[in-house]
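Line by line, the protein sequences are chains A and B. Here the first sequence stands for residues 1 to 358, numbered as in the numbering used here. Here the second sequence stands for residues 1 to 530, numbered as in the numbering used here.
Think of the hints as simulated: they come from the structure by calculation, not from any bench. One or more of the hints may lead you astray.
What the hints assert, rightly or not - Label pairs and their computed distance ranges (CB to CB): (1) 93(A) <-> 212(B): 48 to 58 Å; (2) 50(A) <-> 81(B): 24 to 34 Å; (3) 130(B) <-> 93(A): 25 to 35 Å; (4) 229(B) <-> 287(A): 44 to 54 Å; (5) 40(A) <-> 220(B): 47 to 57 Å; (6) 112(B) <-> 114(A): 15 to 25 Å.
From a predicted model like this one, the values you see are computed outputs, not experimental measurements. Where is the CB? At the ideal position from N, CA and C, for every residue including glycine.
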Amino acid sequence: MPSPDTIILASAGSGKTTDIIGAACVGSTDRTSLVTYTINGRAEFSKKAYEQFGAIPPHVTLNTWYTFLLQHFVRPYQNHLYTPRVAGINFKRGQSARYVKATDVERFYFSSPGRIYLDKVSKFACAVIEKTDGLPIKRFEAIYERLFIDEAQDLSGYDLDLLEYLLRSNVRITLVGDHRQSTYTTNDSARNKKYARVRIVDKFEQWEKAGLCTITYQTHSHRCIQAICDFADLFHPGFPKTESLNKTVTDHDGVFLVEKSNVQAYRDAFNPQPLRYNRAQLGIPGRPINYGASKGMTFERTLIYPHTPLKKFLKTGKLEDAGKEIPKIYIAVTRTKQSVAFVVPDRFDSAILPTFRI
Amino acid sequence: MTIERAIIKNYRTLRSADVRFSDALNIIVGDNESGKSTLLEAVNLALRCQLNRRPAAYELHPYLFNNEVVAEYVKSHNDGKPQPPPEILIELFLSDTPEVAELKGSINSKMADAPGISLSIQLDEEHCAEQYNAYIADGKAVNSLPVEYYTVIWRGFNGTTLTSRSIPLKSALIDPAAISNTYAANKYVLEIVRDYLTKTQAVDLALSYRHMRDEFLKDERIKAINADLAGKQGDVSDKILSMAMDTTTRASWETGVLPHLDDVPLTLVGKGEQNAIKIKLAIASEEECSIFLMEEPENHLSHANLNKLISHLASKCEGTQLIITTHSSFVLNKLGVDSVLMFNGETAITLNDLPPSTKTYFKRLPGHDTLRKILATRSILVEGPSDELIVQKAYRQAHGCMPLDAGVEVISVSLAFKRFLDIARKLNLTVAMARDNDGNAAAKKALYEDYAGEAGIRICIDDDDTLRNLERQLIAVNGRDKLNRMLGTHYANDDELSSYMTNNKTDCALTLFECTEDLVIPDYIQDAVA
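With the rest of the complex left out, here is chain A:
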């Protein structure tokens, strides 16, 4: 029998947040745990649930990934490994206590009593599972029948090992994510480094081969028009092409370059949302949002201030020029319904995009 667990790789704007909420809340009252990476994600979930269903149904529990880890996989059986209560996480990034042996539990896992290192949380969870012969998993199975994890592409390090335990459990699991948007990682553990970010798909495919889950691609976008989908797909060749479900036509649709001297006029005409790589880009009018921070947002039109590698890519159209931050670029590009414009110097010569002048 094929595994009931699925991994849904959804393109930007496919409405995955809405879908996941719907799947969790409607149709079944099986006890469901809904997990998302950040507090913002959690807030967005509960907002959507309140909007669509009036309230979060009693069979659904909303959690952030870290709370989920602490609540179900660290604390309930932690005393098999470590006695003082694990009160919280030390969110400092990087690899912790690198020269301490794992047998020195206190110093290996904790920065101070009860404060566990970010990159060790899921490792601790896995250690407890191993030591107790799977008690945390059995406990979780007794509480929940279904588990939905949003932004699954951000999971990293031992998170993946924990996930594998869960995939082997009785809980029906749905992972939803978009590897193309993996701008964060939940931690910086050296474990599973080769599956970090975009390459997490390799891990997903391994699981599928091992019969632990099936992968489905959700290739439509409710948000972006086809031209924007096509442009965004340039950053991820080798994956299924995105199909636009946005058939709205306006007087200004597509992907363009806008020359610097023309920006003011362009803004006056279309009122686009400015997006920037980071705050080091000074002198941007309006209220610019960083690429990464715009994740999950939708705008009518955007005006993107490219950072150096993106500028280079716009010039050559060669993916290798676009630098390491492709997920962030992908996010920035896919925020908009009708038009994306990149701010470039005057008389910028592009191999791939037309210049729009007012």
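For this one, chain A is given, so just place chain B on it according to the hints.
Chain B in isolation, oriented as in the chain A frame:
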């Protein structure tokens, strides 16, 4: 969902208790002061994090802690060998059912994988370490426990902090004795009524109460008053003064609504009826209350009402766990000896913990008063009424008071010594037994060899095989003349006197007991009453 086991440390009289409950009826029987009520209180504290129906954190005081433990703590500091601050721990192990799956984990003192609740009252090391260090700086000055630096920690065995809403079980504590004022009574009754209402009904009640407050403002007369008050602006304050119903959160319906019985506020109904109503309300509760804690249901109730209540309890409580403390043999007899938990302040046993023949013996006893008696601080087991009377007299001669006044029970057990010793052994009770040697002391002693090694058990049997029974023993130590005088008889030889006494056992014993003259007490009885 039921409580399977409670582990309690340092709570009031319970220094260290570990009690297992059955999933249905539990009747806790124990000596006065053994901590039956405290046990119930501790269980309720852990279930609700409440003391005296208020959040436990507001009710902390040093006497919550076991006084021996506090004394040891104080002494350790006075002696310059400081011990860490003691903490109270109450752990409830719950039966493993789906609704408590979330509370499952191994965060308990046994490191057992089980659903459960743990409440501890301990030094707030995070916030009060500095103050505490200042407090103990001068060890000589330490004279009690600094509970003001203590905090209440209430968690599931899963390590998650609990709130009253996160506990998926409903429990009710029925402790009529604790109601001392109207405020407590109100709160108490409302709590039970609130449990009785379904969620929807409770919401409706809250809504219409709020609606009523709004209506109040719309009343023309109130409007007029407020308009008038508004005209006074500047007189009292620069702001506009107006009258409205209290809409702060504490003014929920509970403060403004009171249950009535035949139009009489429930708090003004007789205590007995009030008590019965509360118990029945709680039992009839729509949303199943899964655990009932009931303290001495016999209080405030006439015999007839108690009878009714008990029948009600026995019939309606299927599927709920009932933990009852009682002093009443009536309650005990009526609800059945199978459910008795004999509690000694540390552990509790049921008849099932005893050898099968002993269990059968107690089940066949006509009344279970004897069961209750054995749990006294100290008891002396004797064969029959005549032995009992002589032992009573011996005790009074030795200690200047009757045994009962000293909390010592003298129990006639005919020949069932072993049955009682079985219980005594299980509960570490202090028991002495005195019996005849029947002309073969060695054989009689051999019968109880098994028990002789127990710390609390004393087997008193005289070695002299020629003094085969109590009468012979009394004649031997008192002499014929003295006994003839005390009994008003004139027997010429010991054998005749002995057979007279043996044939009129109880009468003779009563005469000797009532006689003002002291009796010389045979050594083995002397030993038993020592």
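Structure-based check of each hint:
1. The given range of 48 to 58 Å is respected by residue 93(A) and residue 212(B), whose C-beta atoms sit roughly 56 Å from each other.
2. A beta carbon spacing of about 60 Å between residue 50(A) and residue 81(B) contradicts the range 24 to 34 Å that was offered as a hint.
3. Checked against the hint of 25 to 35 Å, the C-beta distance between residue 130(B) and residue 93(A) comes to roughly 32 Å, which is consistent with it.
4. In this structure the hint that residue 229(B) and residue 287(A) lie 44 to 54 Å apart at CB holds, the actual value being about 48 Å.
5. Range check, residue 40(A) to residue 220(B): about 51 Å between beta-carbon atoms, so the 47 to 57 Å window is met.
6. In this structure, residue 112(B) and residue 114(A) meet the distance hint of 15 to 25 Å, their C-beta atoms being roughly 22 Å apart.
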